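J.: Sequence:
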Amino acid sequence: MQPQAFYRAVADDFSAVDGIIKKQLTSRVPLVSKIGDYITSAGGKRLRPLLVLLCGKALGREGDDLRLLAATIEFLHTATLLHDDVVDMSGMRRGRSTANAMWGNAPSVLVGDFLYSRSFEMMVELGSMPVMKILSQATRIIAEGEVLQLSKVRDASTTEETYMEVIRGKTAMLFEASTHSAAALAGASLEQSEALRTFGDHLGVAFQLVDDLLDYRGDAETLGKNVGDDLAEGKPTLPLIYTMREGTPEQAALVRQAIQKGGIEDLESIREAVEASGSLDYTAQLARDYVARAIKCLGALPASEYRDALVELSEFAVARTH
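At position 320 of the sequence shown the residue is numbered 644 (our numbering), and the sequence of numbers has no breaks.
Everything labelled a hint here was simulated from the structure, so no lab data went into it. No experiment lies behind these values; they were computed from the predicted model shown. Misleading hints may appear alongside valid ones.
The following label-pair restraints were derived from C-beta to C-beta distances [unchecked claim]:
no.: 1; residue 1: Leu514; residue 2: Arg464; range: 21 to 27 Å
no.: 2; residue 1: Lys620; residue 2: Arg478; range: 34 to 40 Å
no.: 3; residue 1: Ala616; residue 2: Gly384; range: 22 to 28 Å
For lysine-lysine, the following DSS-like pairs were computed, each having C-alpha atoms within a straight-line distance of at most 27 Å [said to hold, decoys possible]:
no.: 4; residue 1: Lys457; residue 2: Lys346
no.: 5; residue 1: Lys369; residue 2: Lys347
no.: 6; residue 1: Lys346; residue 2: Lys358
no.: 7; residue 1: Lys369; residue 2: Lys358
Glycine included, each C-beta is placed from N, C-alpha and C at the ideal position.
Kindly generate the complete structure, drawing on both the sequences and the hints.
T.: Written out as structure tokens, the structure is:
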């Protein structure tokens, strides 16, 4: 168990969610179970199911349904990871080889499909139409976000507005779905439901902003992935967009060329340019702004150790180094 207080607040529930995940991974096809177990046992933070547990319990919801919803969210997230790694041709995640690097693209995509399908079986078991509506819409928006990001690869004209649309779809939406579905399951008031939906969106945006920042300030060992992956794939993330907009003509030209050709040949020069242009500080400040707005939303919840844990989790999201 992670040492942070926000994990300790729901330690028993978190362990139970792990048990549900292991049980739901079983398949009559051994390779499905093998790949599913490989990626779910990779030691990720599991922030999204954690959000489900904390939000639900902050609203007084207890029991097996909340745990099942948390596991469902983790299955949706894991399915997106499997698909993303194939699309991005990633070879490393969470400090070890990706599933597609181990078994190939086709098995990874198909096991991702299995996890999606299993998550919808789990939603049916929950029997909540409001939850089903939130999560089914979320999966569609996530897919749209991924396609939008794919359409902007090596496009150096991508604006900050488009970038924000991408990260709201591909990352923030599942955070939002986690907090919003927990509110729906708990029978929250309209005010609380909207507050938690917005909280999830803002926290998810901040989380992705920090991810994109760490692609230039982090190191591979700490991150658990290759530094410069976004640049290698020609993804115009905010540090690059800001440098092209606010940097010197030389810095802008360097970044523009790097996005258009992809690869990491100029990684060190790019890292120097994004640092010197102030883009990393700008990205970090924007992440802090979003977290501050997220925490403000929590005022709609009654005071409890779970609300306190949500505040601490939010602060962790921008202070992390991986």
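J.: It remains to establish, for every hint, whether it holds in the given structure.
T.: Cross-check of the supplied hints:
1. Leu514 / Arg464: 21 to 27 Å: Since the Cβ atoms of Leu514 and Arg464 sit about 23 Å apart, the hinted range of 21 to 27 Å holds.
2. Lys620 / Arg478: 34 to 40 Å: Given range 34 to 40 Å: holds, Cβ gap about 38 Å.
3. Ala616 / Gly384: 22 to 28 Å: Holds: the Cβ-Cβ distance is about 26 Å, inside 22 to 28 Å.
4. Lys457 / Lys346: 25 Å, holds
5. Lys369 / Lys347: This hinted pair holds, its Cα atoms lying about 20 Å apart.
6. Lys346 / Lys358: 11 Å, holds
7. Lys369 / Lys358: 21 Å, holds
Of the hints listed earlier, there is not a single one the structure fails to meet.
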